[in-house]
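Engineer: The primary structure of each chain is shown beneath.
There are 2 protein chains.
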Amino acid sequence: MHSDLIGGYWSSMLKIKIIPVGKLKEKFYIEACKEYIKRLEFYCKIEIKELPEGGGLVKEAELIKSELIPGSFVIAMCIEGKLHSSEELAAVFQKVQNQGKSAICVLLGSSEGMDESVKALADLRLSMSKMTFPHHLARVMVLEQIYRAMNINGGGKYHK
Amino acid sequence: MHSDLIGGYWSSMLKIKIIPVGKLKEKFYIEACKEYIKRLEFYCKIEIKELPEGGGLVKEAELIKSELIPGSFVIAMCIEGKLHSSEELAAVFQKVQNQGKSAICVLLGSSEGMDESVKALADLRLSMSKMTFPHHLARVMVLEQIYRAMNINGGGKYHK
Chain A
1 MHSDLIGGYW SSMLKIKIIP VGKLKEKFYI EACKEYIKRL EFYCKIEIKE LPEGGGLVKE
61 AELIKSELIP GSFVIAMCIE GKLHSSEELA AVFQKVQNQG KSAICVLLGS SEGMDESVKA
121 LADLRLSMSK MTFPHHLARV MVLEQIYRAM NINGGGKYHK
Chain B
1 MHSDLIGGYW SSMLKIKIIP VGKLKEKFYI EACKEYIKRL EFYCKIEIKE LPEGGGLVKE
61 AELIKSELIP GSFVIAMCIE GKLHSSEELA AVFQKVQNQG KSAICVLLGS SEGMDESVKA
121 LADLRLSMSK MTFPHHLARV MVLEQIYRAM NINGGGKYHK
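Chains A and B, in that order, are what the protein sequence lines are. Just so we're aligned: 96 in the working numbering is position 96 of the first sequence, and the numbers increase by one with no gaps anywhere. Just so we're aligned: 120 in the working numbering is position 120 of the second sequence, and the numbers increase by one with no gaps anywhere.
Because the hints were derived from the structure by calculation, they are not lab data. Where is the CB? At the ideal position from N, CA and C, for every residue including glycine. Hints should not be assumed to be uniformly reliable.
The following label-pair restraints were derived from C-beta to C-beta distances [as the list claims (entries may be wrong)]:
(1) B:38 - A:101: 40 to 48 Å
(2) A:87 - B:23: 22 to 30 Å
(3) B:34 - A:155: 15 to 23 Å
(4) B:82 - A:116: 42 to 50 Å
(5) B:154 - A:56: 49 to 57 Å
(6) B:24 - A:113: 29 to 37 Å
(7) B:83 - A:97: 27 to 35 Å
If we strip away everything but chain A, and leave its shape as in the complex, we get (with noise of 0.2 Å):
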C-alpha cells in the first residue's frame, strides 16, 4: 500500500488500546505493567487508557465505548469468555491483521464486572482462566499475554 511505502514501518504498525476500568494502586502491578509496555513498544502502538471506577456497569459502559476506535477488533475479558491457549490468541491477532484491520481494543472490566452492552459488541468475547483474578492482576496478564501474543507472530524466541 501507498500509505505503508511514504510511512514505512511504524504507519504499518498495529495498534493496541488496553481500556481497564479501575485505577491501578499497588506499585508492583504498575511496574509489571510497565515492563510489558515497554516490551510491546517493538511490536505495536500500544496505549492504556484507565478508566474511572464507580457509577455503576452503565456508567463504566458508556465510558468504555466513548474510547473505542472505530473499526478495531474489540476484544472483552471476562471470566465466561472462550479459553484460547496463547498460540490461538496469536493466531486471533494475525487473522485481525490479515482482515486489514488496523487496531485491537482489549477491555478489562473493574472489580464489579462489565456491562453485558459492552460485552455484546465485543469480536471476541475472551478468559484467561475458569479462576476469578482481581482486576490489577488481570491488567498484568493480559499485557503479558498481548506481548506473547506479538512475540509468536513475530517468531520471537519468548515463547517456548
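Use these hints to put chain B onto chain A, whose structure you have.
Structural biologist: Only chain B this time, still in chain A's reference frame:
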C-alpha cells in the same frame, strides 16, 4: 483432638508449602509474592521453598521430591492439568482438610517445565489457564489463588 486443645488454633492450622523451581528475579514479582504471603499468614502456615533451576528436569524432580512433606496433598501446576474455578479449588482445599490432612504442597516447575515423574505422584494436576504464563508470574497467580481459596473457605469478603 487433644493435641488441638493443647496447641490451640495454631497446631491445627493447615500448612501450605509452595515449591517453585527457579529464582524470582523481578523486584515487582518479589513484592507481589510478599504481599500475598503476608495475607496468607492469617490463614495458614505458608512456606516458599525455592529450588535452583538447571541440570535438567530429572535433577530438578529429585530436588522437588526431597522437599515434599510426607502425607501431604500434592498439587502439581501444569498447563495440561485440570482447569478449576476458584470456588472448585477452595472445595479441594476444604476436602483435604476434612480428610484430616494437615499439609498441602504446591509444585511449580521451571521455565523448562516439570518432569513426568513429579506430575505422576501429584494428587492433583492443576492448570490456571490454557495460556502459557512465565513461571515468575505464575507464582504470583498461584499465591493469589491460594489466598482466594483460603478466604472463600474462611467466609471472607475478598472473593465476591
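Engineer: Please name the hints from earlier in the document that this structure breaks, with their numbers sorted from lowest to highest.
Structural biologist: 3, 4 and 5
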